[in-house]
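Here are the chains, one letter per residue:
Protein chains: 2
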Amino acid sequence: MVDYNAFLSTTGRELHESAIRKMGTLGVRIPDLVSFAAGFPDPVTFPWEDLREISGELLSGRDGTVLQYGPTRGYKPLLDAIVDVMAARHVRTTTEELLVTTGSQQGLDLVGRVLLDPGDVVLVELPTYTGAISAFKNVQARLVGVRQDADGVNLDDLDAVCQRERTAGRAVKLLYLVPNFQNPTGLLISLQKRRQLLEWANRRDVLIVEDDPYGVLYFDDVASEAETRAIKADDQHGRVVYLSTFSKTLAPGYRVAWMAAPATLSARFELAKQSMDLSSGIFDQRVVHQAIRRGVLERLAPRLRDLYRGKRDAMEQSLRAEVGDALTWPDPKGGFFLWPELPDGLDGDQLLERAIEERVIFVAGSAFYVDGSGQRRIRLSFSHPAPDRLQEGVRRLTSALKPAVANRSMQTR
Amino acid sequence: MVDYNAFLSTTGRELHESAIRKMGTLGVRIPDLVSFAAGFPDPVTFPWEDLREISGELLSGRDGTVLQYGPTRGYKPLLDAIVDVMAARHVRTTTEELLVTTGSQQGLDLVGRVLLDPGDVVLVELPTYTGAISAFKNVQARLVGVRQDADGVNLDDLDAVCQRERTAGRAVKLLYLVPNFQNPTGLLISLQKRRQLLEWANRRDVLIVEDDPYGVLYFDDVASEAETRAIKADDQHGRVVYLSTFSKTLAPGYRVAWMAAPATLSARFELAKQSMDLSSGIFDQRVVHQAIRRGVLERLAPRLRDLYRGKRDAMEQSLRAEVGDALTWPDPKGGFFLWPELPDGLDGDQLLERAIEERVIFVAGSAFYVDGSGQRRIRLSFSHPAPDRLQEGVRRLTSALKPAVANRSMQTR
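For the record, the sequence lines run as chains A and B.
Heads up, the first sequence is in the working numbering, so the first residue is 931 and it goes up one at a time.
Heads up, the second sequence is in the working numbering, so the first residue is 931 and it goes up one at a time.
Take these hints with a grain of salt, some might be off.
Since the list gives no way to pick out one identical chain from another, each pair is judged satisfied if it fits inside one copy or across any two copies.
Quick list of in silico lysine to aspartate or glutamate cross-link-like pairs, EDC-like style, CA-CA up to 20 angstroms [as the list claims (entries may be wrong)]:
hint, residue 1, residue 2
1, Lys1067, Asp1047
2, Lys1067, Glu1246
3, Lys1006, Asp962
4, Lys1123, Asp1087
Rather than coming from a laboratory, the hints here were simulated on the basis of the structure.
Throw the hints in and build the complete structure from the sequences for me.
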């Protein structure tokens, strides 16, 4: 027998499983499950007809490069198109600063590998995105949480935590933020705080990693396009590594995302990517490029905003009708998630066990906290299920909740 | 000004650029260049009509999962199809042992991250594939070369090198091999030696990483299917991590490859992949799955073998006619490459400079050696250029060679 443990690297031994992905494998095994777990876009938004037309034309055979290896940086016309996408987000950038990545997850992985040595500190919001936690933990970084107010990271806590880590002799390199409709809270960092964070990063010599998958998906009854202004838009000194993706706005199946970073760093990210996958899928990149150039993406955006706002409404109304005030959550300003707080004495992991019996899943809040807290939170994704499934899921969740809140006034329909 | 160097990790500082990818960027800048550099498949082999049909059907809109996030392991029906592909290669495997990767390059990167700590030793052939060198160097592994005979790695040298490294206190974990039509030499490890290598790995407690992108592409005038038998086919003890890809047989633009490893390791690779890109492109995987199920891949294989054998002939004949005996090379038994030795006193990097002036490129041999040697070798890829471009490239290469071999009898047409 081979002793495989003896062959594992430190990384290999300490790999951190994604709580979200774990839920995904459950979904395959349990029939008739309703999933509020993964942040999947609703497939009714995929522009099938456009994609069929684009794919047919690309596969005519007239241009062999459509299915060939491509440059690591990305398909040049797509990079040019992304410069325009960034300009629409008020960020001036050049193709030298851009890199196409295989999903934003690869961008996070690149940040970890190129910037972080074991023990280096990344400051993250409490709570924060699990994919970032995994990527940074897998390079043995030290993740330190910062308290969050309703308008984003608490600046006093941020500075105190940073100074404490530095005093202890650690290298605080990065502040990781999801400013728009944060995963999992759905919150928005205020414009004022964005400027303050940038100023703070310059003062303390920290790089900001700005992860922006959801910026386009604001709910226009409670948020405006202006409020989603990227921190990167005001980055005069090259402090910000910005990540975004076409997964939430076109389709995740294509795995096309990008990062915009100071050119010196982009060149390093490109080199690292060479040995990671040579290049992202070139056919996928060409499809996305055409979807931008033909205006498909632009036409989609308002439809997506309407659809997800409607789904937020549906879940909120359904939850309020079923569980009354047993669950409370901050109003999401955009994105895919509700972030309810559980009643006293109930924790997310316990609830999940009961929920699975009721054939509904979500992600327990603890997965989003790097400080071991979050037991009284759950993340509910309303983005994917069809309306009737969403209702059904809420009913099942209510059944799972009932024993725990029997002693409370649970206002039901 | 931000001092970005202060933010780089050890990996970030020491990133190793791929010589092949570097050539690729040259290709974009020099008009009318003939490239013998990259191992690109010939786009005339891409089955456009089938792919158009498959894509059209997949994008009908009837099945939303076609463009959705997918499981990290891979699209289950594709994994099932790969079990059959492996069976045709005489390897019995299960889906628990398989992982779909974003190109074989990701497989190499996964091997590096999950198995290698800084300073761990990987034994590699002299010469070996540059993409493996990059992936392993980027985790700060120590790459140690082993001499190669015409039938593969020299077993005495292998054992001596392994024992020397162990005596020096280093962990020798992996032996990396490209048994079929090695990149860059085009050689084939003999069946007898494959068995001996497996036996050696079991005896010395080393894992074999078997990289097999070209196995299907044997030239049937000098090699047979039987001679390409995977080392993994005889792996009774779970010693072999096997990598292969659809990039050379279907199209590289889809970035769909796979690895087959003992289930314990596969589970680790899957976890690592979660934080690297969540999953490989699901649309691409579905296209590849259909291409297998509809027999497209099977019908293609003999055509590919004929085509590349013909291109090998064309390059060999053209080279012999132009440069006579100034260049000699081992007969490639399959794959995409010739591996000529340069005349005395000429080195590959110098020749490359002159070749670029003549608008032809290749990869200088030194890129494939981990011991600093290889100056008198060059790798010429005949797989991609159309016949007339191939001829033109050889003429240009001859012009670049001429000053250096003026004193030799250079037999020209």
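Checked hints:
1. Lys1067 - Asp1047: Cα proximity of lysine 1067 and aspartate 1047: in one copy and across copies (11 angstroms, 16 angstroms).
2. Lys1067 - Glu1246: Neither: 34 angstroms inside a chain and 51 angstroms across chains, both beyond 20 angstroms.
3. Lys1006 - Asp962: Intra 44 angstroms, inter 19 angstroms, cutoff 20 angstroms: inter-copy only.
4. Lys1123 - Asp1087: within (14 angstroms within a copy, 63 angstroms between copies)
Checked against the numbered hints listed earlier, the structure breaks hint 2 alone; every other hint is satisfied.
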